[in-house]
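Trainee: Knowing the structure of chain A, use the given hints to seat chain B on it.
Here is what each chain is made of, one letter per residue.
Number of protein chains: 2
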Amino acid sequence: MIPSNLPFGLDEYSARLTKVRAAMQQVGCDVLVVTDPANMAWLTGYDGWSFYVHQAVIIGPSGPPLWWGRAMDALGALRTVYMPSDAVFGYEDTFVQNPDKHPMEDLSRLLSAQGWANARIGLEMDNYYFTAAAYMSLVQELPSAIWVNANVLVNWQRAVKSPTEITYMRRAAKIVENMHATILNRAEPGMKKNELIADIYHAAIAGVDGHWGDYPSIVPLAPSGKDATAPHLTWDDNELQAGEATFFEIAGVYRRYHAPQSRTLFFGEPPAKYRTAEAAVMEAVAAGMEQAKPGNFAEDISNAFNATLNRLGFEKDSRCGYPIGLSYPPDWGEHTFSLRRDDRTVLEPGMTFHFMPALWLDDGGIEITEPVLITETSAEYLCTTPRGLMVKG
Amino acid sequence: MIPSNLPFGLDEYSARLTKVRAAMQQVGCDVLVVTDPANMAWLTGYDGWSFYVHQAVIIGPSGPPLWWGRAMDALGALRTVYMPSDAVFGYEDTFVQNPDKHPMEDLSRLLSAQGWANARIGLEMDNYYFTAAAYMSLVQELPSAIWVNANVLVNWQRAVKSPTEITYMRRAAKIVENMHATILNRAEPGMKKNELIADIYHAAIAGVDGHWGDYPSIVPLAPSGKDATAPHLTWDDNELQAGEATFFEIAGVYRRYHAPQSRTLFFGEPPAKYRTAEAAVMEAVAAGMEQAKPGNFAEDISNAFNATLNRLGFEKDSRCGYPIGLSYPPDWGEHTFSLRRDDRTVLEPGMTFHFMPALWLDDGGIEITEPVLITETSAEYLCTTPRGLMVKG
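The listed protein sequences correspond, in order, to chains A and B.
The first sequence begins at 1 in the numbering used here and counts up one residue at a time.
The second sequence begins at 1001 in the numbering used here and counts up one residue at a time.
It should be emphasised that the hints constitute simulated quantities derived from the structure, not laboratory data.
Hints should not be assumed to be uniformly reliable.
[To be verified] Straight-line C-alpha distance at most 25 Å; calculated BS3-like pairs for lysine-lysine:
hint, chain 1, residue 1, chain 2, residue 2
1, B, Lys1392, B, Lys1226
2, B, Lys1226, B, Lys1293
3, B, Lys1273, A, Lys316
4, A, Lys192, B, Lys1174
5, B, Lys1192, A, Lys174
6, A, Lys226, A, Lys316
7, B, Lys1293, B, Lys1273
8, B, Lys1316, A, Lys101
[As the list claims (entries may be wrong)] Beta-carbon label-pair distances, calculated as ranges:
hint, chain 1, residue 1, chain 2, residue 2, range
9, A, Ser14, B, Asn1310, 41 to 47 Å
10, A, Ser162, B, Asp1237, 51 to 57 Å
11, A, Val391, B, Met1282, 53 to 59 Å
12, B, Glu1269, A, Leu110, 27 to 33 Å
13, B, Gly1115, A, Pro386, 19 to 25 Å
14, A, Pro99, B, Glu1269, 43 to 49 Å
15, A, Lys19, B, Gly1063, 34 to 40 Å
16, B, Glu1188, A, Ala22, 21 to 27 Å
17, B, Asn1310, A, Asn5, 34 to 40 Å
Beta carbons: idealized from backbone N, C-alpha and C, even for Gly.
Just chain A, with the same shape it has in the complex (with noise of 0.2 Å):
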């Protein structure tokens, strides 16, 4: 039975599987095991939060994907995924966190039951619910298969995003819109840190103009002061003070589709060096923008940008954007390209990034930044919150 609910049509799915044989034929594997939670969902529709215990999605050379996880899990795959209930196999639940046996041994069996036990079999070898156990269970039960390193296979395939697919991010967007504004109404100095992060989850939950709000796959990142010398920081319950910059990264996330954008919060006439470290975020964005079209190169954004910063007087010695859309914890990037030197990742239009050209200064942190969507003939900022510092009181 086809869910009320799944979020694409079953003509979208048919059409990613198609490409992802045609990525697989290229890489050469017949079969693969998509261990991704957001290649499984963008695959096959499942959607819960199943993924601390071994699982996948399976891919062969003809017929449905096949979704294989612990017993229970597989009830929730009957209600979320397109596939027929004889598609759906769940595994017994004394596998799960059990030193003497392995779920990949049960896997093992199933692809075996397939006829794939001498096949190529492609593997997400760096992909975070695929553990090195995991491999080398495969690996022993499977002695005659023939194992592909097929990392990022499913990602690549998802970079260029469908109309429903921005759709979908176009109202993430307006969500991470109305938590900088929650911020900006509900913050003061005094304001104990967790409260403020209350309110920006209510807003993320809630939603807005009728659409509801999901779980972002990174919780807000809110340091102030010294902190924000640090990107990763979350929070506590330290007040909010005058004179210190906060910043909040953060993302609105319409089912599991990602909007992130960061804003830098301060309370009152920031000090001349953050105006001149905006002021120089602003230019090379600007820069950065001007290359963000079909054709050019991911390392395009990044060259004009960091030209621009460095000329400016300003470092940054990481990467200033990645891919985003369908994600679960613990990451919201699609881990394809990034915005560095040296990639030469072609533009296309209907990708979407994470413009993230954040400056971790000596005493503070400074984050304005955007998702963005490379159109037909150039690139089109999907928030509109205004840019620049975010200045109170």
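Mentor: Chain B alone, transformed into the frame defined by chain A:
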């Protein structure tokens, strides 16, 4: 410089290190590469959402733990760990998600530089954040090392909680009590599910009694009706319905310490079938709790629980609990013992677990679950939320 908000005293970190080194000796490894974010935090104080890139804490035969990760996250380590800055190592940003090189090449150089190229090195082989590719890279770069599977070695040292850890879990328990009170207070037929989840999140992060809420390692699971036949579905914007059960599996979190607790909500009197299931679960839980005491095995709890449940006409074919405490996404379980047949882990005072007697029936689910502490003589529920079905109106 020791961070002012380090969650535990230096003596506690020192005792943890001693315990881990003793366990390393037992499995015969000189060096341990710790990639589980909860283990990294427990050993060093490190706290940041950076586990989406490769990182580790390394325990050598002597000296402080070493923190290793992406250069930008080394700044976060300097803000959160107790070790001196020369124990913190950052790798260059071009290693991030780059098919041409792997961060473990950098870790291999660090291990060599420490004189450990020929050491017996323990690895957390089945940890989410230790991928197949990470393992293959280490094996290739350090051909003379001897690799030891040290999966969940550190997790086991975390099983018995210290007084401060128990204090943190009691605070988390108060937070989850308040989250369930919020559900009872706010939920109404016709309310959109995501609006209720927004309120739950707000209560989770705002915290109670002056103790702030941290993010949970699993987002709220809140399926209704037929969707509640599956355990791990999240939410959408469907309206809550009279005559339909919704279960809420949620956790309060204080400084990464979790108190998970579930309740099942009905508007109006539940059907007789659910009252029968409720009575069976309550009686089976009581039987299990009688076995929850120092000296007993983990399986004594589940055997008593299952025997009672079966006698009353119900069956549960999955484990009925697992240890809890410090954790990071995607799981709040500790991955050591399970409450299931044949698990002969000896219970000790200070152990904490989620007693998880969920039943997924043919037309819905019932979850009434508790965080539990093993005391000197028996066991204690950490929460005072009224037990049984949650009935409103």
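Trainee: Each hint: holds or not?
Mentor: Hint by hint, here is what the structure shows:
1. B:Lys1392 <-> B:Lys1226: holds (20 Å)
2. B:Lys1226 <-> B:Lys1293: Violated, at roughly 37 Å.
3. B:Lys1273 <-> A:Lys316: Violated - the C-alpha atoms of lysine 316 (chain A) and lysine 1273 (chain B) are around 62 Å apart, more than 25 Å.
4. A:Lys192 <-> B:Lys1174: It holds: about 19 Å lies between the C-alpha atoms, which stays within 25 Å.
5. B:Lys1192 <-> A:Lys174: Roughly 19 Å between the alpha carbons, so the hint for lysine 1192 (chain B) and lysine 174 (chain A) holds.
6. A:Lys226 <-> A:Lys316: With Cα atoms ~18 Å apart, lysine 226 (chain A) and lysine 316 (chain A) stay inside 25 Å; holds.
7. B:Lys1293 <-> B:Lys1273: violated (32 Å)
8. B:Lys1316 <-> A:Lys101: Cα-Cα ~21 Å, so holds.
9. A:Ser14 <-> B:Asn1310: 41 to 47 Å: Once the Cβ atoms are compared, 45 Å apart, the range 41 to 47 Å for asparagine 1310 (chain B) and serine 14 (chain A) holds.
10. A:Ser162 <-> B:Asp1237: 51 to 57 Å: Violated, since serine 162 (chain A) and aspartate 1237 (chain B) (Cβ atoms, about 22 Å apart) do not stay within the stated range.
11. A:Val391 <-> B:Met1282: 53 to 59 Å: holds (56 Å)
12. B:Glu1269 <-> A:Leu110: 27 to 33 Å: Violated - the Cβ-Cβ distance for glutamate 1269 (chain B) and leucine 110 (chain A), about 44 Å, lies outside 27 to 33 Å.
13. B:Gly1115 <-> A:Pro386: 19 to 25 Å: violated (54 Å)
14. A:Pro99 <-> B:Glu1269: 43 to 49 Å: holds (45 Å)
15. A:Lys19 <-> B:Gly1063: 34 to 40 Å: About 51 Å separates the Cβ atoms of lysine 19 (chain A) and glycine 1063 (chain B), which means 34 to 40 Å is violated.
16. B:Glu1188 <-> A:Ala22: 21 to 27 Å: violated (50 Å)
17. B:Asn1310 <-> A:Asn5: 34 to 40 Å: For asparagine 1310 (chain B) and asparagine 5 (chain A) the Cβ distance comes to about 36 Å; the hint holds.
Checked against the numbered hints listed earlier, the structure breaks hints 2, 3, 7, 10, 12, 13, 15, 16; every other hint is satisfied.
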